[in-house]
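> Chain by chain, the residues run as shown.
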Amino acid sequence: MSVKTVDLLVIGAGPAGIAAATEAANAGLSVTVMDEQPRPGGQIYRSVETTSAKMDKILGKDFLEGRPLVESFRASSAELMPETLVWNIGSDLTIDYSTAGVAHRMQARKVVAATGALERPMPIPGWTLPGVTTAGALQILMKTSSIVKEDCVLMGAGPLIWLVAVQMIDAGVPPKAIVENLPKGRTFAALPHLPKALRASEYLFKGLGLIRRVKQAGVPIHSNASALAIEGEGAVKAVTFKTGGKSHRIEATSVALHQGVVPNQQITRLVRADHRWDDSQKCFLPVLDNTCQTSAPGVYVAGDGASINGAKCAVLQGTEVALHIAAALGKSVDTGRIQRLKAAIARETSVRPMLETLYAPAQEILEPADGTIVCRCEEVTAGAIRSTVDLGAPGPNQVKSMLRSGMGPCQGRTCGLAVAQIIAARKGETPDVTGYYRIRPPLKPIPLQELASYDPAQEEEPAEDGVAAE
Amino acid sequence: MAPSISRRIEEDAPTVTFTFEGQTIEAKKGDSVAAALTAAGVLDLRSSVVSGESRGIFCMMGACFECLMNIDGQPNRQACMTEVSEGLVVLRQQGSREVDL
Chain A
9 MSVKTVDLLV IGAGPAGIAA ATEAANAGLS VTVMDEQPRP GGQIYRSVET
59 TSAKMDKILG KDFLEGRPLV ESFRASSAEL MPETLVWNIG SDLTIDYSTA
109 GVAHRMQARK VVAATGALER PMPIPGWTLP GVTTAGALQI LMKTSSIVKE
159 DCVLMGAGPL IWLVAVQMID AGVPPKAIVE NLPKGRTFAA LPHLPKALRA
209 SEYLFKGLGL IRRVKQAGVP IHSNASALAI EGEGAVKAVT FKTGGKSHRI
259 EATSVALHQG VVPNQQITRL VRADHRWDDS QKCFLPVLDN TCQTSAPGVY
309 VAGDGASING AKCAVLQGTE VALHIAAALG KSVDTGRIQR LKAAIARETS
359 VRPMLETLYA PAQEILEPAD GTIVCRCEEV TAGAIRSTVD LGAPGPNQVK
409 SMLRSGMGPC QGRTCGLAVA QIIAARKGET PDVTGYYRIR PPLKPIPLQE
459 LASYDPAQEE EPAEDGVAAE
Chain B
299 MAPSISRRIE EDAPTVTFTF EGQTIEAKKG DSVAAALTAA GVLDLRSSVV
349 SGESRGIFCM MGACFECLMN IDGQPNRQAC MTEVSEGLVV LRQQGSREVD
399 L
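Residue numbers (the working numbering), protein chains in the order written: chain A, 9 to 478; chain B, 299 to 399.
Just so you know, the hints here were simulated from the structure itself, not pulled from any lab data. Errors might be hidden in some of the hints.
As the list claims (entries may be wrong) - Partial selection, computed: residues in chain B whose CB lies under 8 Å from chain A:
id, residue
1, K326
2, C362
3, R390
Remember, predicted model here, so these are calculated numbers, not experimental data. Positions of the beta carbon are idealized from the N, C-alpha and C atoms, including for glycine.
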């Protein structure tokens, strides 16, 4: 059987994916990139090809760095398949995907998972109310549709909060308030990491600059907040929290939550690659070898899906992984270039230990109150998860069987990390021991009708048309 | 019309119209259904499958599945992943989807 074969399939057209695709195509490989969105850029450079001059000014210089990247990708021979969902990957790198409501099959010789990051779950009372979004969602509304939420409180912690706030200020719709939930003493705790972070000091200056701009704009900032909650019936009405023993209540119609981002592991879990718990990033990371390959042969990872390091690092990693793959497929590769890329990545990541210490999620986010919903799809509370652990459920999969947490349409993308950490805390073990949901195909729900009409045998094409008829 | 909950910065983009629960809504070309409804002040996109509580947009990137709606007769479609087109018929989704047998 010979379905269409490509040397390299890249999943995700964000910075890591398009950098990998461009480099691999330029090295002479046949490359296909699949992405669920209509245009390349990922979430960070979402709609970067189509934003107006007015929006470019609001979104800022860092956003515009995506434009030349997308241009080089477009100019390369890599083929982009937009609005395409990869929903299964076989151990032989057979790819099942859907586009325009029809399922197809493709064969890849190598796969790069460049599926980026997801927002860390931030389960607090009221977080399922309409009007509550992630901070990332605010940015996507701005990038794709030039929509800025009004009357909005930003809650949580992380560099993105300050960036979004500045973008909203520049759009003329500043956030109503910022409620930062970092415990006291974080700056002090992060200090030992400062010397290393100074290797990439531009990040520190950029961050301080953003915070200064928010202060200058007069946006109320509530630091060291705890007991975060959102009130409302059917929609957001107010946020409540405490600072220094004092209770606060701010009325608002919108709330945007942020507690940092974590790797989207759906692909690497699907292919049963090994993962490890990273206690600095407080999340699972796929275990990669020196060539960015997972323990699943032929499946590589680049960008935030490998470890949270941001867009610039993602481009460097994407380029590096493409060189490794080109070498593995018999192309001659400049090994000096790989060494230089590794050095550049080391420099880019030097700021991370400081940021990770500074912005580590607060304990009340990692250990939500019993009554708080954790799995939004199936409305499973933290208390129900703990009781199920007490009854003897050893890990996320057994809790899932008993409570349906992670069994809803999001397949655990939103709650998975929180559920694993709640179980680990209850059992007094590390999340490494607890493990994670078993991820199975299809990677996203697809209509039964589509599966029923799917016939991989129909995908065969004459050998002479095959990219690599072997 | 629902009260304003957002502001549109770029007003020049061409418009597209669709309906939500029978009400005509003007969107901008390139908007997702979720973005267009946000611009129109619509927060409540569906009732949840367990308690029936109202839900709205959350991640806007296809990961959370909170914005499942009935779009052009097909239930369980992600409003944030569906671009608005002229005449699209969008309905609020009630609870879980029934299997038609």
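> What are the numbers of the hints the structure violates, in ascending order?
3
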